[in-house]
Structures are given as C-alpha cells and as structure tokens.
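K.L.:
Residue-level listing of the chains:
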Amino acid sequence: MKIFSTDHKVIAKQYLSVGLFWAITGGLTAYMIRWQLAYPETEVPGWGFIAPDFYNMLVTMHGTIMVFFVAMPILLAAFGNFLIPLMIGAQDMAFPRLNMLSFWVFALASLVLLSSFFVPGGAASAGWTGYPPLSAKAAYTGVNWGLNLWLLALALEFASFLMGGVNFLTTAINLRAPGMTFFRLPLVVWMQLTAAVIFMLSVGPLIAGAVMLLMDRVVGTTFFLPEGGGQPLLWQHLFWFFGHPEVYVILLPGLGLVLEILPVFSRKPIFGYRAIIYSTIVAGMLSFVVWAHHQFLSGMDPRLAMPFSITTILISVPFALIVFAMIATLWRGSISFSAPMLFALGTLAVFILGGLTGIFNGSAPVDIYLHDTYFIVAHFHYTLFSAVFFAGFAGLYFWFPKMFGRMMNETLGKIHFLLTFIFFNAVFLPMHVVGLRGMMRRIADPTQYAFLQPIQPLNVFITVAAILLLLSQFLFVINFFWSLLAGKRAERNPWQSNTLEWTTLSPPPHDNFERVPVVYRSPYEYSSPESPEDWLPQDRQLSPHTAARS
Amino acid sequence: MPRSEDMAITGMPVGKVGVWWFLASEIPVFGGLIASYVVLRLGSGGWSDASSHLNFSLALANTFVLLTSSLTMVLAFAAVEEKKPRRLQANLLLTLLLGLTFLMIKGFEYAGEIGHGFTPGAGIFWSFYYGMTGLHALHVLGGIIVNLVLLVAALRDTLRPNEHRVELAGLYWHFVDIVWIFLFPLLYLT
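Residue numbers (my numbering), protein chains in the order written: chain A, 1 to 550; chain B, 1 to 190.
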C-alpha cells in the first residue's frame, strides 16, 4: 500500500486512520473535562491539576476535534471516498490526484492543530465556536499562536473538504456505470452528495469570517471589535450560517449508512426510497434558513426569533419522514441482530431522542431557559454521537469485510454495542436534568454555585458512566486490530447485499471491478418474488423480459 | 476498464463539472463578505466619508485592465478552438501581464492609502476595504499562476492533450473579474 496513493480506497483508509486517531484524542479531552466537573479541585488521574484556562482549552478543542477532525473525516471523507466509486460502479474518483491532495491538505490541517497544543500559551480556548470579541484579541484569552493556528487548521480543513466535495459531486454526476440512473443510486450516495452540496454552499461565509477574524488578530482590522466600529454578532451569523448546515453535513452521511444497513438485515426493500431522497433535499434546503436559532439570546433583533423558530421546527418534518421510513422498513421484516444492525438500530433510537429535544431548543420561548445549559450539550450529543459513533460503528462493522477483506468478531461487536448503548444513555440522559436544573456550559467548577451543589451527585454519576463509555471503546479497538490480522477471510458478499460494492472482491482490486458493471435495478430488491434467493444484486439480469420492465 | 476521463455519461467533461462546482462554492465566500459589508454599512453611518478617500481614477483604470484581461482570455480560448498555437500563447501572455498590471496598480493604491494613514486598523470601512480587495487580489494571483502554468505548457508544446484547460482557466478568470465588478461600485462609488 503506497502512502502517496491516488486510489480512493487507500485514501478512505487514510482518512479513517487520522479520524480514529483524533477520536482517541477527543475522547481523552472528554475524560479530563468530565473528571474536572465531577471532582473539581482534585488532580485528574494520569494528568494532574486542571486550571480554569486549561479547562477552557479542553472544551474548545474537544468540540473542534470531534466535529472537524473526527466526524468530517470519518463520515464524509472515509465512507464517501470508499463507497461512492464502488457503489456507482466507477473505477476511481473523477479527480484521483485532487483526491490525494485533499487528504494531504487535511493531514496538514491535523498537524497544524496538533502543533497548536505545544506553542506558548497553549491551544485555542475561545470555545469551538470562536466567538469574538473573546477570540479577536490575544489579550482576552492569553492565547495568541494557539488561536491563530486553530484558524489556520480550520481554513486548511475547509480547503480540503471543498476539494473533496468537488470530487464527490463530479464523480457521482459523471462516472456512474451504465444503467446507474440517479434513482437507482444507493441512498448513502444521495446523502453524501446532498451533504457535499450543503457543505460547499454554506462554508464560504465562514471562510470569509475566518479570514476576517485572522485579520483582526494579526493585521489590526476591526471587523468584530466594537471599539473600531465592528460587530461581534456578525461572526455568529457567519459561523452559524455554516455551523448549522454543518450539523446536517455530518448527520446525512450517518443516516445514509443506517439506510444501507436496515434493508440488508431486515431482508426488505427500503420503505419510501424516493420520499427519503426528496426529504433529504428539502432538509438540505431548509438547513440554510435555520442558523439564527443559535442566537436567540445573542442580542439579535428579537423579531427574527419567530421566523427562525418556524423554519427550525419545519426542518424536523423531513427528518421525521426519514425516521418513519426507517421504522416502516423494519416493519415485519425478518430482522437479524448482527453487530452492524444493532448499531444502526441504536442510531435510530438515539437520534429520535436528539431530534425531539431539538424541538425544545428551536422554540425561542423555551430556548431562553435552555440556552447555553447542559440541556443543549445533551441534545447535540444525542444527535451527533448517534450520527458519528453509532452510525459510524454500524458502517465500520458492515463494510470492514469489504475494506480489509476480513470479518470482524460478531460477539465482541455485540458486547461493544450493548456497553456503548447503555453507557451513552447513562451519560447523556441525566445531562438533560442537569441542564434543566440550570447548569451552564463551559464552567470549570459547578460546585462554586450554591444552586448547583444539590446536583453534584448526578455530575459524578455522569462522569463514572462517561469513563465506562470510553473504556468500552477498547473492545472496538481490540476487535478492529485483531480482525485486521487474524479475522476470518471475507467472501465477496458476506451479508448477501444488493449494492455494487458487494459484487467485487473483498477487498476490491485497484480498479475496483473486473469488468464494468451494468445496472439493471434499484438497490434494495430484497425478498423479491422474481429471484430464487432473498436478494437481487443491482447488476443481475434475470431475463430480457424482466430487464426491459425495470 | 474505461478510464475515468472518458466515462462522462452526462456528456460533460469531468473538468468542467468540477470547475463549475468549485465556482459555486466560491460565490458564498465573496457573498458572505459582501453581505456582511452591506448589512453593517446600512446599519451604521460615516462610511461614505471614509470611502471618499479612495483613489477612484486608479480603480477605474484597474477595472478596465481587468475587463480587458477577460477579453484576452476569451481570445486565448478562441485560439484553442481555431488551433492557432501562436495566438493562444500571445493571448495567455497578455492575460497574465494584464493581471500583473492589476496587482501592481492595486499595490500602488494600497501604498498611497497606507501613506495617508488609512491602514487596515483605521476603521470598519478600511477593514472591509482591505479584506474584500485583498481576498480578491489573492484570487487574481491564483489566476495568474494558473495562466502561467498553461503558458509554460503551451510554449513547451505539451498543452495539446489538455487544451480544454484553457477554457476551465477562463471560467475561473471571468469569475474573478465578475467579483471585481461587484466590489468596484460597492467600495468606490457609494
């Protein structure tokens, strides 16, 4: 395996490795944050005492790492790169060298972010949202180089994913195999494409914003500094105009993975294929007009609260539709609870709860009480943890045989799911209560407030569960490496699945397919009466008569 | 196996699809900056005092320089279509030189403004002025580099299999030109 490879499968694995590295780093920051919240004034085992400034750095970097350096590279870059060419029957991406460049720009971004921990003053500590004026002057946080490098790392990351987006879209538009019409594309490809479009059209203003913030810090402009006529609120608009669509950029590929797995393990066609596609597109469009629901309490014109509440609650409609389609797919299917299926079902269960609390936060009158409390933290972990980790694990357990040519251990996978599911809920369900009792985000020591002292036992409970949640992930690490070296050899189609990637070798050769696949049918024809088996691959032609009909 | 380049089932070359998506993602970058400028300017006063210190005649000259460079870029593309390599080289060179002229005039403008004390930190108008024109100038620089690569390839006679790239570079160059068409009135004429 070449390090400087233009093969989309190698690049996907490279993104996956870097993303998993950052997931460990992000998990460590979570451990330190949680220890500090449960036992302030004590030393974190394995680290030491955490000062308030350092705590601010931890929460900033936890958010930055998990969103931009774990969710994005794993869900979009790794799965998108691996699956899109294989699923559409192409031999590689449309621009293989651009693909390689986007990975290496991302690697550079990772290096810049990593180095920011070691510069004088430490890494960025103005929150992962980087609100000015706090972020606009080094004097306010005591961090100079750390925050400049943070901005540089984000700029490089955006450049990398813009190149990736161009590649994904061009590939899926131009390189589909004969017969692979848009309405025969597997849903995860649709989700990846919608995510790419959303990303490419929403990140621009934040790129401009990052340039402006960097200029404020380095050149002395006053875009976000009131004393020079600037407007701190402007950053929030630029940030959330990207930041909220970004949630769907992460969520859609995650839901896409689940949508591929559900029909395979319930042996039924997906329910409402086209309705899901239309819902995805509608959700993508609505995602551009919801951003100010993050700013109900930021000093924005209060008259804007109503329209943004309405659009926010409106966007739950297409997602509800997708969730109902998922449940209807399961309905009366012959379900087998394999590890990927368990994680897919886990995604569904957890995401529903996260979606429901989203309605609370989206209504301005309710949000006034919930804003910047742990209720918000609980909400977005229910949505993003489900998309990134539950769906991500589902995808890894499912496509591991195709990626590496070996099967993962099922029993370990099931135990991994069970522990992750239990401890995830043990961490984040009580967090809603903690938030409703008034605990604010980003405070280093809840015990300093008298009104928060009664809920401290709950904070301790959450921390214990969080540590157990992190420890449970070792099961995955062990399973991953053990299976990589000694797992059972995988055949072409171990799950008896329909999509094109399962028609080639595991792992696929450099050019993916032995011959150009020809597509005759939609991707989810399970238990079809036309086929003797209960699956019907997309490239199988039954008879000229049936082929002409479909 | 077919090579990816010739598997264009939509009938569009992959390069063109890619460049159009790239440009689509560039619009919100300048869109965000321009929208911020317009909203903040409408919401507060005193901006036209600041903008009256800009050098209008130099910017007008620069507008003509950039518009002319778009013309030579189109002529370069036409030379590709008509298979006239000398004209292609000449027009690429002209486009490149006009781009450099634009940057030199812009630099001269900056020097004059900074000399009069209008630095990027002199106020919110100047923040936007330097931010918007600076980001645009970086895009002009990027276009110059692209044209330089094409020109070198054309002179070495290695461009032939990739001549369609002149059209793609042109799409980008016109985009940069159009951005300036927005920046010029917004900054200099208001």
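Source of the hints: derived by calculation from the structure; they are not laboratory data.
All C-beta atoms in this analysis are idealised placements derived from N, C-alpha and C, irrespective of residue type, glycine included.
Please note that a few of the clues may not be correct.
Here's a subset of chain B near chain A, in silico, CB distances under 7 Å, partners left out [stated by the list, open to error]:
{"no.": "1", "residue": "PRO28"}
{"no.": "2", "residue": "VAL29"}
{"no.": "3", "residue": "SER36"}
K.L.:
Would you settle whether the hint for B:SER36 is holds or violated, based on the nearest Cβ-Cβ distance to chain A being less than 7 Å?
P.N.:
OK, holds: B:SER36 within 7 Å of chain A, min 6 Å.
K.L.:
Closer than 7 Å between Cβ atoms is the bar; does B:VAL29 clear it against chain A? Give me holds or violated.
P.N.:
Interface hint status for B:VAL29: holds (4 Å vs cutoff 7 Å).
K.L.:
Return the status of the interface hint for B:PRO28: holds when the least beta-carbon distance to chain A is below 7 Å, violated otherwise.
P.N.:
3 Å, holds
Figure legend: structure checked against the earlier numbered hints; every hint is met.
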